[in-house]
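Once you have looked at the hints, place chain P on chain L.
Line by line, the protein sequences are chains L and P.
Using the working numbering, read the first sequence as starting at 1 and increasing by one per residue.
Using the working numbering, read the second sequence as starting at 80 and increasing by one per residue.
Calculated directly from the structure, the hints in this document are not laboratory data.
A hint or two may mislead.
DSBU-like mimics (lysine-lysine), calculated; alpha carbons at most 30 Å apart, straight line [to be verified]:
id, chain 1, residue 1, chain 2, residue 2
1, L, Lys2, L, Lys37
2, L, Lys2, P, Lys194
3, L, Lys37, P, Lys194
Here are the simulated distance ranges between beta carbons [what the hints assert, rightly or not]:
id, chain 1, residue 1, chain 2, residue 2, range
4, L, Glu11, P, Ile135, 36 to 42 Å
5, L, Ser15, P, Leu218, 50 to 56 Å
6, P, Leu139, L, Ser15, 30 to 36 Å
7, L, His18, P, His188, 17 to 23 Å
8, L, Met1, P, Ala209, 18 to 24 Å
9, P, Thr133, L, Asn53, 31 to 37 Å
Listed next, the stretches of chain L that the computed footprint assigns to chain P, with coverage defined by at least 3 CB atoms under 8 Å from CB atoms of chain P [unchecked claim]:
id, stretch
10, 23-29
11, 36-44
In this text, a Cβ means the ideal position worked out from N, Cα and C, and glycines have one as well.
So you can see what is in the structure, the chains are spelled out below.
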Amino acid sequence: MKNRLRVLRAELDWSQAHLAERLGVSRQTVNAIETGKYDPSLPLAFTIARTFNRHIEEIFEFNEKVPAARGLAPTRAGL
Amino acid sequence: MSEQQPNPDPAEAPIEPLYTHPASPFLRTDSTAPKHVDMPVLPAVASTWVTYRTQIEFGLAMLAYLMILVGSVTVLQSNPNAPWRYVVAVLPVVPAALVLSIFVRALTHLDEMQKRIQMQAFGFSLGATALLTFGYGFLEGVGLPHLSWTFVLPLMAILWGVGTAIFTLRYR
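Extracted from the complex, chain L is given alone in its bound form:
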């Protein structure tokens, strides 16, 4: 999963350690999320979004190559 964490962090001039402290995780975890090597849990992703005052989709980008969506679920408009 791609994310804009590094950019958002740079905008606020926060260090990885500072962000880690705000999120209550280790600096290594922040680094692993930024480099895309670790996908955070949903609660942590929400905490990150709230910390930056953004929506989750503005920070994390779902990789469409992952074969998770086998046909989209029918929307209300499509029914």
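Frame of chain L, contents of chain P only:
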């Protein structure tokens, strides 16, 4: 020289987003920001004790374990037939239980990625220990010297450390 004077260097001028110009055909498509929620900020690290509390507690508990173990063995050697020897022999289990509780508490305080790393390291350590002990067991069957069972736990601990290093590097 007034402050109204425009900056002669265009590189120094502030950059305006395209949509701010009145005649701009661009629409601002940013979604509205969610309601601001004040996140609790953890207090700054106060002292070495706070930072290394678990390590210090662990070290003290291990020290207590070693002291009681040595004391217990010394007392038992001089009183091999005393009726209370069972109680003295089992006494080192008390500080060992303290070590266990500190260890388990330290595990619960890890963050989610560290927990995943530890889970993988424990799995690696368990499997690799099984592999090595069974392998050596087969070799004992054909004549290699018998090793004490007390080697199993140190082997597992070393492999756990190796596993932690491997899986930490994988997330770096």
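Outcome of the hint check:
About 10 Å separates the Cα atoms of L:Lys2 and L:Lys37, which keeps this hinted pair within 30 Å; it holds. A distance of roughly 22 Å separates the Cα atoms of L:Lys2 and P:Lys194; the hinted pair therefore holds under the 30 Å criterion. Between L:Lys37 and P:Lys194 the CA atoms are separated by roughly 15 Å; this keeps the pair inside 30 Å, and the hint holds. Range check, L:Glu11 to P:Ile135: Cβ separation about 39 Å, and the 36 to 42 Å hint holds.
In this structure, L:Ser15 and P:Leu218 meet the distance hint of 50 to 56 Å, their C-beta atoms being roughly 52 Å apart. For the pair P:Leu139 and L:Ser15, the supplied restraint of 30 to 36 Å holds, since their beta-carbon distance comes to about 33 Å. Taken as a hint, the range 17 to 23 Å holds for the pair L:His18 and P:His188, whose Cβ atoms sit roughly 20 Å apart. The given range of 18 to 24 Å is broken by L:Met1 and P:Ala209, whose C-beta atoms sit roughly 35 Å from each other.
Distance hint check: the CB atoms of P:Thr133 and L:Asn53 are about 33 Å apart, consistent with the given range 31 to 37 Å. Only residues whose C-beta sits within less than 8 Å of a C-beta in chain P count toward coverage, and the stretch 23-29 of chain L has 5 of them, enough to reach three; the restraint holds. For a cut-off of 8 Å, the count of residues in the stretch 36-44 of chain L with a CB near a CB of chain P stands at 5, and the three-residue condition holds.
When the structure is compared with the earlier hints, a violation turns up for hint 8 alone.
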